[in-house]
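Going by this note's numbering, 596 is the number at position 110 of the sequence shown; the sequence numbering is gapless.
Check the hints yourself; a few may be wrong.
27 Å max Cα-Cα, derived DSS-like pairs, lysine-lysine [what the hints assert, rightly or not]:
| hint | residue 1 | residue 2 |
| --- | --- | --- |
| 1 | Lys641 | Lys625 |
| 2 | Lys679 | Lys496 |
| 3 | Lys608 | Lys641 |
| 4 | Lys680 | Lys641 |
| 5 | Lys496 | Lys625 |
Simulated from the structure, these hints should not be mistaken for laboratory data.
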Amino acid sequence: MGTLRRNSRKVQVGNVVIGQGAPISVQSMTNTDTRDIKSTLNQIFQLADAGCEIVRLAVPDEEAAQALSSLCRSAPVPLVADIHFDYRLALEAIEAGIAGLRLNPGNIGGPERVQRVAVAAKERGIPIRIGVNAGSLDKYIQQEYGGITAEGMVKSALEQATLLEDVGHSAIVLSLKASNVPLTIAAYRLAAKKCDYPLHLGVTEAGTVWRGIIRSAVGLGVLLYEGIGDTIRVSLTGDPVEEVRAGYQILQALE
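All chains should be modelled from the sequences, with the hints used to inform the complete structure.
See below:
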């Protein structure tokens with residue numbers, strides 16, 4: 487790496503430590519139907535065999551949430567539930583034994599719902615990633631900042647973090663993703679200055695393998711070289727195993 491790693495707090499996802507100088511972990515996300523336990527578990531094992539340390543799963547509905555218990559028991563790596571729109575699915579994921587949650591402040595609902603999830607997660611020692619996406623940034627923040635800006639993205643993330651901290655949940659990871667690479671870099675740089683939460687790096691909607699690897703290598707490479715970032719995911723269309731391979735190649739290029 488080019489400079490010293492940014493100082494960040496320690497957050498544990500299952501047996502994987504994020505932040506506080508721990509090695510930068512590589513994550514991915516399944517592209518199977520989570521309700522199909524057999525195919526999802528098969529892909530989780532493929533990702534783990536490729537070196538993936540944390541796997542995220544889409545949990546779009548009740549049936550997917552019900553599959554989590556079996557998946558969590560059998561998976562060789564910690565699983566993170568990706569929750570949109572319905573906070574009750576997050577509560578079910580917690581009961582199922584999920585190792586982590588990812589919430590999008592742009593669509594999860596009001597403060598009271600976020601805090602209900604935070605209280606339940608705190609009781610089980612489950613970390614929460616606040617995943618801000620430029621494409622779903624709250625309208626009031628866009629109006630305040632005159633559009634989608636790095637400042638607005640960071641404000642959204644820190645507002646949500648405050649909601650969690652207010653009920654005693656401090657095991658928080660932030661991500662601030664955009665399909666625009668300079669915007670992504672600017673948002674992470676600003677967040678790195680404003681807080682000590684571990685940062686999950688990624689460029690959203692990065693696309694096909696060739697295009698996505700280039701965009702992720704530029705965005706993640708710049709930040710990692712500056713000592714920013716505690717865990718990474720390279721978002722690609724297609725086989726998620728390629729995301730893991732690309733992630734390790736980016737890290738190795740900076741050694």
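Broken hints, by number: Of the numbered hints given earlier, the structure breaks just one, which is hint 5.
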